[in-house]
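Chemist: Each chain is listed here by its residues.
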Amino acid sequence: MTRERLTAALQAASRGDDGGLWALETLSRAPGCLWLPPVRTLLGKVRTPARLAAGDWRFAPSRLPGGLPAVHVAHEVRGVRLAESDQPLAQCAAEIADAVWTLAASFGAAAQAELDTVVEGLERATRATS
Amino acid sequence: MWITLQGAPCGYVYGVTDALDSTAQARLAEADRLFTSDLSVPEFTLLEHTGFVPVEFVMGVSVYHVGFQPSRGMAAGEYQVLTQAMYQARMNAVGRLVAETKKVAADGVVGVQLGYRGHGADSIEFTAIGTAVRRGDGQGAGYRRPNGEPFTSHLGVKEFYQLLNVGWCPVSFVLGTCVYHIAVQGFLQTIKQIGQNTELPQWTQGFYDAREIAMARLQGEAERDGAEGVVGVTTETKEWVWGGHTLEFFVAGTGIRRISDQRGSLPALVVPTG
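Residue numbers (the numbering used here), protein chains in the order written: chain A, 1 to 130; chain B, 1 to 274.
Hint data in this document are derived by calculation from the structure and do not stem from the laboratory.
Worth double-checking, as some hints may not be accurate.
Unchecked claim - Looking from chain B toward chain A, a few residues come up when the C-beta cut is under 8 angstroms (computed):
hint, residue
1, E199
2, Q202
3, R211
4, I213
5, G220
In this text, a Cβ means the ideal position worked out from N, Cα and C, and glycines have one as well.
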């Protein structure tokens, strides 16, 4: 059930301000997930934006042509990017939920319970901002 | 000089813009007037028995400049800049092939072949060709990938037929690549092996490490695309233009999934008597 709830929470968040991209950082509290800071050039320009790492998946705030908020979805294995795309959060919510849920499931029941708590927090935050 | 990767919003699976080449659009818009294919005559006749029909000969091309890769000195390890370049170039070519497949509303591509040739000292051209096919009864949705994208496969029609006959279907043509620097052998070890039958452990280990990394990526692609297994795996090791002590371990296969409980029938023995 958590996977479906997480998908629904992300889709609800996507209807809010900035396309719900703030939810990505929230998910870094999920078991096994990391919020990776932006990588900057020597002159301080952002070369790689901050992103959520969930197993082999990387999700970073992005924009579509026209300026619509989007998530840059990248699949990496052993440091090499195998596939990537830019999609609105509503469109890739299931994919993000699947990556996060699968990672928690690999750690066991305690981690899945911890993920439940993160999802509840995300749901509360989404209700508060809507 | 650094590699500039395709940064445009891109087709999800293949990591490259899936915008169809403009010169192909006009021709592909009239694809249903006449089918084209790279099928042989036996393959064409066998394809009919799969329930699929050929739609179009599809292609994707990418000529790619490989950027600067800092040296690893004497240490073993992956050249990730080179690996990413090789991956991106191949994915560009396959992604464009898929874009053409979608344009002609096909359900998948069979017989995908990857070709390559060098362009100078540090540029490589990759081409991907295949035959886009469509289910003749309009029921192709059940054969597409779980995400609705057309399936891709490097299997020929004969293998495609055999797969369908036992209830399986191709999902995607999956790749794994690793460009690896083999550690340089020490002077003492070189002295010890003069005139001896002996293994070169750094080369052996380098091959194993490169294979493991490449296979992990192939497996990652297959899992991502919803395959249950990979068949027809082929491997290739090349130095390309990077000189000694560097090899690329390239592995490719087709991810497959079960779509029915059909088990097929064993071939019957035929004895000519006349």
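Chemist: Indicate, hint by hint, whether the structure satisfies it.
Modeler: Against the structure, the hints come out as follows:
With a least beta-carbon distance of about 26 angstroms to chain A, the hint placing E199(B) at the interface is violated under the 8 angstroms criterion. The interface hint given for Q202(B) is broken, as the beta carbon of that residue sits about 20 angstroms from the closest beta carbon of chain A, more than 8 angstroms. Of the supplied interface hints, the one on R211(B) is violated, with its beta-carbon coming no nearer than about 12 angstroms to a beta-carbon of chain A, more than 8 angstroms. Annotation: I213(B) was flagged as interfacial toward chain A, and the flag holds, the nearest CB pair being 5 angstroms apart, inside 8 angstroms.
Given hint, G220(B) at the interface with chain A, holds; its Cβ is 4 angstroms from that chain's nearest Cβ, closer than 8 angstroms.
Hint compliance for this structure: hints 1, 2 and 3 are broken, all remaining hints hold.
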